[in-house]
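Sequences are here, hints too, so could you generate the full structure?
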Amino acid sequence: MSKSRLVAGLRGSMPFLVSLAFLAAAWEIAGRTTDLITLPPLSDVLAALARLWAQGVITAPLLDSTLALATGVGISLGVGAAIGVAMGLWRPIDIALGPFVKAGLSAPLIAFVPVFLMLFGIGSTTRIATVIAFSVFIVIANAATAIRAVDKSLVEMGHSFGASPWRAFWDIRVPAGAPYFMAGLRLGVARGVKGLINGEVLIAIIGLGGLVKKYGTVFSMDQLYAVIIVIVAYAALAVGAVSWLGRRVIRDAPDGP
Amino acid sequence: MTRSTPLMAGAGPHRRVLDSWWGRLALRLVALAAFLLLWQWAGDDSLPLLFPTFTRTLGAAWDLAADGRLFAALLATNQSLVVGFGLAVGVGIPAGIFVARVRLVDQVLTPYLTLLVAVPIIALIPVIQALLGLSFAARVTVVLLFALPYVVINTAVAVRRVDPALTEMGRSFGASRRTVLFDVLLPAAVPGIMTGVRIALGQALIGMVVAELTIVGDGVGSLIAELQGRFRVAPVLAVAVAVVIEGIVLMSIVEWIERRLSRWSTA
Amino acid sequence: MTTSTEAALPPAIEVTDLTKRYVGADGRSVLALDRVQLTVGRGEFVSIIGPSGCGKTTLLKMVGGILPWDSGSISVLGKEVSGPGPERATVFQSFALLPWMTVLDNVAFGLKVRGVARSERHDVARKLIASVGLAGFEESYPRQLSGGMQQRVGLARALAVKPHLLLMDEPFSAIDAQTRLLLQTDLLDIWSKTDLSVLFITHAMDEAVFLSDRVIIMGARPGHVTNVIEVDLPRPRTEATRLDPRFVDLTGQVWARLRGMIVEETAA
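Residue numbers (the numbering used here), protein chains in the order written: chain A, 1 to 257; chain B, 258 to 524; chain C, 525 to 792.
Don't take each hint at face value.
Unchecked claim - Residues of chain A placed beyond 10 angstroms of chain B at every Cβ, according to the derived structure:
hint: 1; residue: Asp44
hint: 2; residue: Ala47
hint: 3; residue: Arg51
hint: 4; residue: Pro92
hint: 5; residue: Ser124
To be verified - Derived, one-sided and incomplete: chain B residues facing chain A with beta-carbon distance under 10 angstroms:
hint: 6; residue: Pro421
hint: 7; residue: Phe488
hint: 8; residue: Val498
hint: 9; residue: Val501
The hints are simulated quantities; they were obtained by calculation from the structure and are not laboratory data. Virtual Cβ for every residue (Gly too), placed ideally from N, Cα, C.
Here is the structure:
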């Protein structure tokens with residue numbers, strides 16, 4: 001069953017893989033035959049990627065960026081979950097903060113990066129602030145939804161069995177809302193990665209985004225494309241890792257304490 | 258209506274007030290006032306390089322507005338938003354319909370669109386800059402790249418989610434493929450498409466700011482750069498707040514249009 | 525088997541040896557319909573009843589011309605079916621009303637598709653809305669109506685194109701039991717004033733017996749016709765018909781045959 005699904009999945013992605021191969025070939029040929037500075041052959045880019053990786057030029061910023069991402073998302077998670085849970089439980093808080101959260105979700109908060117730069121300088125604090133600005137509101141929104149998502153009859157059932165509010169919160173509301181919490185975390189990380197790279201490119205000298213700026217400024221296109229490939233893979237990997245973690249946590253939740 | 262539980266007990270007596278629009282508005286105004294007071298208290302106006310108070314930021318905004326620089330900058334910046342977002346909607350909706358209706362187009366395009374959604378577009382800006390220079394076209398391209406995938410993906414999902422009974426109904430009355438598309442599928446997909454348009458506008462706004470800050474034109478980007486050079490936080494914050502408020506206003510307008518066009522879909 | 529009120533004319537529906545296969549999720553070919561035979565005479569009201577998975581809705585869609593089949597033939601009024609046609613109209617289980625259109629525009633939809641001018645199709649639609657008992661609701665939207673009223677709109681829309689054959693796909697199954705009884709008598713009332721032939725899919729035995737001249741029972745895996753029960757209850761049928769011992773007896777006959785199949789199914 002799972003094998004035939006794998007085969008079906010592969011068959012479904014054939015057109016994409018063919019188009020990808022075609023694009024790669026076109027890139028390589030165009031890069032070799034023309035002399036555009038913006039289009040180094042794909043093989044040169046991959047060679048640059050291998051070279052940068054071997055020299056450790058990428059690993060250090062990668063770790064550095066990951067640390068900043070984890071710090072920012074961690075703060076968003078703590079603060080966001082607290083605010084979101086409060087909004088989910090108490091209607092006055094929900095009504096008071098709702099419009100601000102909604103605005104924070106959709107407004108171009110990236111406009112604050114120049115302010116962060118002036119206040120926090122060209123260091124890690126600025127990009128952490130950017131990560132938080134990008135991720136905290138989605139965590140709040142999902143935490144609030146998570147608390148509200150619980151089936152009312154479950155809470156009433158808890159009351160009827162004499163469960164304390166504390167118990168009802170941890171044993172009924174939190175497990176029932178777990179999928180929404182996890183969705184908030186996943187989206188928080190997805191947005192956080194964007195915040196991270198945005199912040200770094202604008203700060204211009206730290207992390208992966210700093211490398212983009214560095215190679216972009218000197219038109220070292222093979223190295224620039226190599227870094228872009230790393231960032232694409234990094235974004236996909238970060239979101240993928242959190243999704244995987246989320247599935248494990250939710251699956252294990254019913255057996256937990 | 259949510260039933261009151263012991264953890265929500267505090268909400269009980271206020272229920273009636275909170276259910277009226279003026280009660281909610283009052284509560285929100287109180288929250289806004291508290292936020293501004295907090296801002297005022299956290300600010301420190303002793304040096305221009307410190308986090309400014311609300312009143313100083315307001316003053317800076319007034320100065321920028323009074324000499325017309327703020328509006329001139331916003332006007333210049335918004336040109337890339339209008340063109341880029343317009344292109345995203347104009348190209349994205351037909352493209353989304355193709356993705357929904359033609360399997361091969363779906364299989365080829367969707368992975369790239371998903372990638373564009375996942376990737377921080379700002380990483381591509383040096384490439385765009387190398388190709389198009391520090392031009393208006395480059396800024397439009399950035400806005401387009403931010404917004405387009407959301408329009409296409411949401412349109413495709415909306416068209417695909419249309420109740421198959423509706424298209425069957427259309428066909429049973431002998432409607433042509435064209436009639437089914439324009440009289441049944443597309444109207445039914447409007448709410449979903451509008452959701453995509455709204456999300457795409459949010460992204461386009463981010464794209465507009467990113468483009469301004471990286472491919473500096475004669476808009477907000479250069480204004481911020483100039484103010485930054487003079488180490489004055491308050492006017493920079495004022496410009497940022499102006500952009501954010503503009504974003505909130507535009508989003509509210511699109512959301513209002515979305516609600517109007519989707520009225521029939523919510524009972 | 526043709527009940528011939530007008531023997532010279534070809535029957536409303538003639539289905540011969542209809543066979544349909546489809547490819548299942550595991551890639552194997554599944555037989556959905558196996559040599560189905562069916563005739564609906566002119567002006568006749570025929571119901572099809574059967575367990576889920578017997579292919580009754582599939583069969584209806586093929587007669588409607590919106591699903592292809594593999595072998596056998598379907599002809600409507602003597603003409604081989606090759607797609608939807610103006611002589612057929614369908615009433616859907618889920619009503620399939622366009623939620624952004626008023627009742628008036630929904631009823632006029634079939635006419636719009638056929639290129640009838642706006643004022644003309646609205647005139648026709650208004651008359652039909654009145655005939656299904658919805659006068660005054662022309663400018664309402666579907667979401668403002670109850671399920672029973674929505675299906676009245678669905679019926680009016682089908683009748684608006686003046687079909688010879690009405691195809692009804694479990695039209696009352698999403699409607700509450702009381703409203704359903706009212707709709708049944710109203711449907712018979714409307715039908716009796718026309719020369720419409722009706723093919724009616726249902727899973728309610730009393731409904732099938734109450735409405736029909738004949739009840740066709742289908743079995744599943746693969747879908748095939750197992751029995752045909754002639755309903756000899758006099759017309760016009762009224763609420764009193766439901767209390768008629770013959771009605772109870774016929775309903776019991778239908779149940780006896782279905783029950784055998786369902787018991788077999790669960791045992792297998």
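How the hints compare with the structure:
1. Asp44: Correct as stated: the minimum Cβ-Cβ distance to chain B is 15 angstroms, above 10 angstroms.
2. Ala47: 18 angstroms, holds
3. Arg51: With a cut-off of 10 angstroms, arginine 51/A remains clear of chain B, as the shortest Cβ separation is near 19 angstroms.
4. Pro92: Proline 92/A is in fact no farther than 10 angstroms from some Cβ atom of chain B, at 6 angstroms.
5. Ser124: 17 angstroms, holds
6. Pro421: 21 angstroms, violated
7. Phe488: 7 angstroms, holds
8. Val498: 8 angstroms, holds
9. Val501: 5 angstroms, holds
In terms of the numbered hints stated before, the structure departs from hints 4 and 6, listed from lowest to highest.
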